[in-house]
Amino acid sequence: MKRILFVDDDLAVLRGLERVLRAYGDQWKCVFIGNPAEALDLIGTGWPDAVVSDMRMPRIDGIEVLAKARADRPDCARLILSGEVGTGALLPLLAVAHQCIGKPCKADLLVRILTRLLISDDSGTSAKLNEKLRGLLGLPVMPTRHRELSEALNAAPVEREAKVLQALSRSPAMTSKILQAAGCVRLGSAQGVASLTDAIRLLGPETIAALINSDSCRPMSEVDIDLTRRRIWREGAAATAVARAIATVEQCAPEVAAQAVLLTVLSGAGTILLDATWHEDYVSMLAEAETEARDRTVPELERDRFGVSSAEAAARLFRLWGIHDPTVDLVATLDDAGKQTTGTLGPSGIAHIAKALVRMRPGTGLQPDSLDYLVRLGLVDRLPAWEKLAELQSEPEPC
Amino acid sequence: MKPMTAPCAGMPTACLDTLDGLPDAIMVLNHTEAVTHLNRQARMLLCRDDAVAPPVPIWHFVAPASRAEIREITRNTLSAAECPYPETTFEVTLRRSDASTFLAEMAVGRLPAPQALLAASFRDITARKDSEARMVRLLSDAHESRQRVESLAAETIAQAEALAASESRLSMVLHSVRDGYWDWDVRNKVVHSNPQFAEILGLDAPNGPLLSPDAITALVIDADRADMAAALRRHLRGQTQNLIHECRVSRKDGTLAWIEFRGQVISRDSRGRALRATGLITDISEKKQLDQERRRTMKMEAIGELAAGVAHEINTPLQFVGDNLAFLQSQTARATKAFQLVADIRTQVSASPLWRVLGGDLLAAADEADLSYARNEIPEAIREALDGLDRVSKIVQALKEFSHQGPSERVAVDLNRMIENTVTLTRNEWKYVAEIETDLEPGLPHVHCVPHECGQLLVNLVVNAAHAIRAMADGKKGLLTIVSRAVAGQVEIRVSDTGCGIPPEIRNRIFDPFFTTKPIGQGTGQGLALAQATVKRHRGTISFQSEIGRGTVFSVRLPIDAIGTGDETDLVR
Numbered sequence: 001m002k003r004i005l006f007v008d009d010d011l012a013v014l015r016g017l018e019r020v021l022r023a024y025g026d027q028w029k030c031v032f033i034g035n036p037a038e039a040l041d042l043i044g045t046g047w048p049d050a051v052v053s054d055m056r057m058p059r060i061d062g063i064e065v066l067a068k069a070r071a072d073r074p075d076c077a078r079l080i081l082s083g084e085v086g087t088g089a090l091l092p093l094l095a096v097a098h099q100c101i102g103k104p105c106k107a108d109l110l111v112r113i114l115t116r117l118l119i120s121d122d123s124g125t126s127a128k129l130n131e132k133l134r135g136l137l138g139l140p141v142m143p144t145r146h147r148e149l150s151e152a153l154n155a156a157p158v159e160r161e162a163k164v165l166q167a168l169s170r171s172p173a174m175t176s177k178i179l180q181a182a183g184c185v186r187l188g189s190a191q192g193v194a195s196l197t198d199a200i201r202l203l204g205p206e207t208i209a210a211l212i213n214s215d216s217c218r219p220m221s222e223v224d225i226d227l228t229r230r231r232i233w234r235e236g237a238a239a240t241a242v243a244r245a246i247a248t249v250e251q252c253a254p255e256v257a258a259q260a261v262l263l264t265v266l267s268g269a270g271t272i273l274l275d276a277t278w279h280e281d282y283v284s285m286l287a288e289a290e291t292e293a294r295d296r297t298v299p300e301l302e303r304d305r306f307g308v309s310s311a312e313a314a315a316r317l318f319r320l321w322g323i324h325d326p327t328v329d330l331v332a333t334l335d336d337a338g339k340q341t342t343g344t345l346g347p348s349g350i351a352h353i354a355k356a357l358v359r360m361r362p363g364t365g366l367q368p369d370s371l372d373y374l375v376r377l378g379l380v381d382r383l384p385a386w387e388k389l390a391e392l393q394s395e396p397e398p399c
Numbered sequence: 400m401k402p403m404t405a406p407c408a409g410m411p412t413a414c415l416d417t418l419d420g421l422p423d424a425i426m427v428l429n430h431t432e433a434v435t436h437l438n439r440q441a442r443m444l445l446c447r448d449d450a451v452a453p454p455v456p457i458w459h460f461v462a463p464a465s466r467a468e469i470r471e472i473t474r475n476t477l478s479a480a481e482c483p484y485p486e487t488t489f490e491v492t493l494r495r496s497d498a499s500t501f502l503a504e505m506a507v508g509r510l511p512a513p514q515a516l517l518a519a520s521f522r523d524i525t526a527r528k529d530s531e532a533r534m535v536r537l538l539s540d541a542h543e544s545r546q547r548v549e550s551l552a553a554e555t556i557a558q559a560e561a562l563a564a565s566e567s568r569l570s571m572v573l574h575s576v577r578d579g580y581w582d583w584d585v586r587n588k589v590v591h592s593n594p595q596f597a598e599i600l601g602l603d604a605p606n607g608p609l610l611s612p613d614a615i616t617a618l619v620i621d622a623d624r625a626d627m628a629a630a631l632r633r634h635l636r637g638q639t640q641n642l643i644h645e646c647r648v649s650r651k652d653g654t655l656a657w658i659e660f661r662g663q664v665i666s667r668d669s670r671g672r673a674l675r676a677t678g679l680i681t682d683i684s685e686k687k688q689l690d691q692e693r694r695r696t697m698k699m700e701a702i703g704e705l706a707a708g709v710a711h712e713i714n715t716p717l718q719f720v721g722d723n724l725a726f727l728q729s730q731t732a733r734a735t736k737a738f739q740l741v742a743d744i745r746t747q748v749s750a751s752p753l754w755r756v757l758g759g760d761l762l763a764a765a766d767e768a769d770l771s772y773a774r775n776e777i778p779e780a781i782r783e784a785l786d787g788l789d790r791v792s793k794i795v796q797a798l799k800e801f802s803h804q805g806p807s808e809r810v811a812v813d814l815n816r817m818i819e820n821t822v823t824l825t826r827n828e829w830k831y832v833a834e835i836e837t838d839l840e841p842g843l844p845h846v847h848c849v850p851h852e853c854g855q856l857l858v859n860l861v862v863n864a865a866h867a868i869r870a871m872a873d874g875k876k877g878l879l880t881i882v883s884r885a886v887a888g889q890v891e892i893r894v895s896d897t898g899c900g901i902p903p904e905i906r907n908r909i910f911d912p913f914f915t916t917k918p919i920g921q922g923t924g925q926g927l928a929l930a931q932a933t934v935k936r937h938r939g940t941i942s943f944q945s946e947i948g949r950g951t952v953f954s955v956r957l958p959i960d961a962i963g964t965g966d967e968t969d970l971v972r
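The listed protein sequences correspond, in order, to chains V and U.
Residue numbers for the first sequence follow this note's numbering, beginning at 1 and rising by one.
Residue numbers for the second sequence follow this note's numbering, beginning at 400 and rising by one.
Pulled out of the complex, with its shape left as it was, chain U reads as follows (with noise of 0.2 Å):
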């Protein structure tokens, strides 16, 4: 057997030649790490066609990045104490002999030889690494999709619940709020509503949701449209910021209410004309009736004031003109019986030389001063001026009952006098259509009120009948009836009137705020409304009979203690 080569020092060729049956690429390394030998396998992954010899050091087959790492391998390999069996694979980058590199997976042994010899086994696992690799990529693609896709879809599913949610929130809203919504496409003259708005407005909405905007303006009361035409112009001009308008409309069930809209453009053309407008309507009535209520309440309160100063103004001089009436009553009587006097002694000597000088004069002054007429209706003239002060003295009295009547606090009232003073103060409004009976209860209760909510009542119910006998028109002077009753607890007034009547198909509206059968400016059609909410405030009860050309009655009863069980915080206005 032939000496192996130099490089081959201390390893037989026939090893050699067996390396070459191995189905891995072997290297073999001297100690100087230089490579001596490669095997079939090593020569085809190398590109190379000889075995190798002389040696070749070993950075001729590696990609200069794996050098150092497999100089530390090598020489650790050689330097260890004992032969170890490779026990880990490493890999490196190897260097083919036409530059080109691949990735090895490398295990290094040190053979038992004389001389050190280094077998390093490897292979090419470039295309495991690839599929590795591509597999790696592959999964951290899908991964990273997956994650993608999940966070996408969660986002999506978010938005949408978002949007339900928003979407049913806003439905939800637009369903449940008091106030209705739309949303006007201007160009195409369409309104979208909820269902609220065609509500307020008392609309039949044959279309759903969708209205027409002439529709909608031709609900406003004539008096109130120009103004209401004005707004939306300035808005949809963008003239204003906002659009918000109270009107009145008048629903088809002839109600009418106070609607306040609310809104804005919220899109324009090019040219700056308003495509697209939204807002919302709310039916004020309540508010403006509360407020006209409140306003009523201060006016009252101020006219009250007003009238307890006047009426105490007024008493001063009526005291002195009734003194001085009676003054000249007294005086008068006296000097009746010195007219007379007179009048005896000129018949007696009237035949006298005397008289006849100066009896002409005498009888010229006593012409002068209708002397004859005189004596009879002096006193008849102060008897009429002296009751018409009575008469003065006792409205003054009622008016000052009447307004003297402190703050908006529960005290107890005497509801009988109190119907004699509005009686009293409301005659210009019944004299001339109607008599005036009361049919008042002695020692009625007295109930526990507001006064000037209660007297307010009085005249509102008053002055109804009144108006109502004045409607009938036939020229013949009604009767107005006021009862009083003490009934279980409560007290009952009862107001008739032989009047028109109430007609059944507005029976039911009698109460609603702004509601009037008067021509338009002269009732507010807060009488009877105002009527209910104080007789509401006061836990009572007010409710009518009617029969068209016959007459109305009017029945209102209050509890006679209201103290504690009336709700004072509606009363702090």
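Next comes chain V alone, as it looks inside the complex (with noise of 0.2 Å):
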């Protein structure tokens, strides 16, 4: 049974939740704690398994609290459940939250947003990823991606924008911790931030600037960075602007061909943490994708591995940070052609069809169900102009 504390200093607050709580008792047991201090004695003493604090308190406040529930139990899930959080606080909150839930914040909500975070593990590894995940600040950052971005910032103010959301199409580390931010802002994943667009304007170049210089942002060592890993995210590149490129050719609307983009970049965010977590697993594992290729999809050879696709460990991970839900479930699914909505040609189904198109090998074709699906969609004939454009995207990229 997983153990949640909660933290208020507004004792009517923390009776309210023993109520509407009380209906799951048979999953957590939860603790309710008004003042602060003894909050702090709970938390060292490594007893729960998600924190929710209010923000404001007396003396101590919430990034106090969460703070000491980062050290004690890196693997604790951090919430902070309040009225308002300032964006002057922003950078020190992100250190420590996972995601901060806005209040009135409904029952329903909490309950979902807590049974997600805490959902019990039954394979070793997936639960390992999640001890992991709640750990990690953000994702490893491609230096030159941190260059990009922080020129972009500098920009003048007229191109800053299309500047900012170019270098960030190419950085799925930097991508997510934006949004997560901008989602502490917006406080909480009931609205979350669906565009990123209108995550850069909310935060605004100067928090942008401060949070992608901050710990969470902090670019991987030079060392660090092996063929498997230039590899990755070159491929992460590629796919984001194959999505792009289809979009464009397709004369998609301007919203439907960001959300394809996000889409791609925030599916980049798997892989790279499946690589972060399991580097060595990992490379042999994509060694043996280049030999099983025809049989096996790298999605089906990751969760044999790591208990979940990459894309999969992606959405995990933004579900720990409160990014927006359906954008979330949407990258979930999104190496499952299978699940692509038909119809028409969406955000989503044109990035799983751009990282099936990157995937793929020379000399082999589309993987057969990503095939169905544009038969299904009826657009089996644009293949042949989109091979063209992921051709001309995967171009090794110098570094």
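Source of the hints: derived by calculation from the structure; they are not laboratory data.
Backbone N, C-alpha and C define an ideal beta-carbon position, used for all residues, glycine too.
Errors might be hidden in some of the hints.
What the hints assert, rightly or not - A few chain V residues facing chain U, derived, Cβ under 8 Å: (1) Val13; (2) Leu17; (3) Val20; (4) Lys103; (5) Lys106.
Stated by the list, open to error - Below are the BS3-like pairs computed for lysine-lysine, each with C-alpha atoms no more than 30 Å apart in a straight line: (6) V:Lys106 - U:Lys528; (7) U:Lys698 - U:Lys875; (8) U:Lys793 - U:Lys875; (9) U:Lys793 - V:Lys106; (10) V:Lys388 - V:Lys339; (11) V:Lys29 - U:Lys736; (12) V:Lys106 - U:Lys736; (13) V:Lys2 - V:Lys132; (14) V:Lys132 - V:Lys339; (15) U:Lys686 - U:Lys935; (16) U:Lys935 - U:Lys687; (17) U:Lys793 - U:Lys830.
Mind docking these for me? Both chains are given alone in their own frames, and the hints should help you get the complex.
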């Protein structure tokens, strides 16, 4: 049974939560503490699996409570439940909290969030991943991308936004962190921040600059960047470019194109995540994929080894971070051709095809289920044109 | 020939007679500087009858002032080595026998004789000297007077020029300034003024610069007239140093203007009664508007801060009210099952002996709790309470977003969201008079603007539209529509109402500050003026189309990317 600690100096809030959560007594053991100092003591015993804390409290604030939780049990899920989160405290907050939920938060929403975060882990690998995810401050950032984004932030105001978007479309690590930060400012996954443009505007260039220069977006040291990692990053960037190119040639609406790009970038976070967590395993898995490309897809191989596909792993991280729910759902199923919407070519369809095209090895065709999907869409005849786009994008990029 | 008398020794008498025929007066002196002979001319000049013999010392013939000079000349001449001819003349004052004097020009020479003799020739130059002096005096007078005249003329010209310049300057100033100039002849009840005076007050000035004071005070709006009159009275009585007074005047064209009167009484009669007062008037409407805007901005900022704080404070109770209601909801749902069971059992056991004993109490208790009604109504009540809570949450959220708008700087703003918040927050203004419909373009580009100004703009347009519908007073609910569209680099927001419309005759004035069609005290006349000012600051446009009895559509267009084009200084207030 998962153990949740609630901290709020307003006892009425705690009693309200206690009453609505009583019905979930068989899943969770909840403790409600009105005095933050006492809460720190309980956290010190390593008791809670999750801490949900108010932000503004006398003497000890929510950041301090969650910081203690992070220090004593990095794998503990940490949430802020508050009526207000100023951008002033955003960086220290992001260093300790996974997500922020605004008051008032309806009971069923809170339950949904907690259920997702505390889902009992069946397989050993998956449980380990969850543990890793909760301890993760941010994904490794490629130094080139970090420089690109820094430069973009310094661009003239008229072209800044476009340049920032462009730089972010090649960096899953920084994109997901920015969506997490924007969600915190907006207070909660109930609203979330669905578009990257909205997130950029919500945070503003100064906050973004501070964020990417914080520990959560530290560029990876050059010595740790081997060929596999270069390849992972290159393929991710290529998939994004292909998604954008397909959206352009298919004359999609701007918001469809933007979401297709966002989904592709975000799903790239999963590959980076699995590689960062189990680097050697991931390298050998990729080698296996080279030889077995015809029989098994990469997501299948990932599931075999790690219990989750990279896209699913990414989705877990994003749920923990409170990133816009519907977007995360689409990321989770991105690799699964059977789960793509039919009828018209939508953002996730474009992202799926783009990723499949980039993964395609020379001499092999598109994976059968992706091909089936295109048949269902009635867009098989577009495939040769898209393959050309993918070829253009797969030119090795000078690093 | 008879020898010369002693004094004229060495000088033949014939020579002496000859001397009488000469036109010049000549006196002969011996070596002792005594005059031994005077010729006829000399005798005439010196008024002597005799030709002088025995010798007479020369100083007899010389005025005391010239004696030293004469002596020096005669001595020099006597002692000279050669016989010099008189080369130079000198002026001496000679003395007549009657002791009168005259100015004479004299030349002295030595005669070549065994005994030194001097001959001094002289003539009366008084007349010449006089005329000379007169001439000199005349000349100098003339010169002086010319100078005087010239300087006088120059002075006059300078004065005239200065006068002309200052006059023209003054008139230039008076004609070119925005201020109105007034010069009030208090006793004769006439006000002189420059053209701006009448213009500022919106007066027809058929008499040119002459106005009647009553015509002026009649323009001051009723609410301000007593104050104005009091200020004027105090100053005329000398109770105030200066007249400085602000008041509103109603112009002939119906516009309202804030005017500042400044002036002073500049002359009084012996009893201290004001005779004349002058001063300026200034149209300070713009300043007043800016003041009001600034005050409003400050007020909005203060309210914003307050509202954000209040919203935060409300959110906490909203949290536990919601939780408690949710708890009650789930508990009642379960309790309802239990009640149902009790009801079922009751029908089954109603015949049993035990029920006959205990059932009465249970039924009474159930009746007292109105249980059958409560069973249906409690869940309904909770559901409605939760709905209400939802609405409160939305309002608080809107208020928070609307007020949590930070400093007066431009940021990217989602106008669709702002429109939705505006609709939520202005509900009280329109809910009884209109239905509201929004047609917002999905994915509307964000607009760089000052959020609280744009929020205020939207509120003003919506409230105005609601008031236009209310003014129909036909008891029917109108329709208020808000549309947002992206149009060529701009975002257009149209606020339409099915209200009374704007009469054509006031269409050109609705954006004027202080112009209002509402009764005094109900409208500040600032709403649309502020709206226009906001739109201008954002380099946008505002326009409207109106049809009497059908309604009005206000269209605001704001450039999407105002970055770098906006004049940031006008935002720093």
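Quick rundown of the hints versus the structure:
no., hint, verdict
1, Val13, "5 Å, holds"
2, Leu17, "6 Å, holds"
3, Val20, "5 Å, holds"
4, Lys103, "4 Å, holds"
5, Lys106, "6 Å, holds"
6, V:Lys106 - U:Lys528, "129 Å, violated"
7, U:Lys698 - U:Lys875, "35 Å, violated"
8, U:Lys793 - U:Lys875, "28 Å, holds"
9, U:Lys793 - V:Lys106, "13 Å, holds"
10, V:Lys388 - V:Lys339, "26 Å, holds"
11, V:Lys29 - U:Lys736, "27 Å, holds"
12, V:Lys106 - U:Lys736, "25 Å, holds"
13, V:Lys2 - V:Lys132, "17 Å, holds"
14, V:Lys132 - V:Lys339, "28 Å, holds"
15, U:Lys686 - U:Lys935, "17 Å, holds"
16, U:Lys935 - U:Lys687, "18 Å, holds"
17, U:Lys793 - U:Lys830, "16 Å, holds"
This entry does not satisfy hints 6, 7, going by the numbered hints stated previously.
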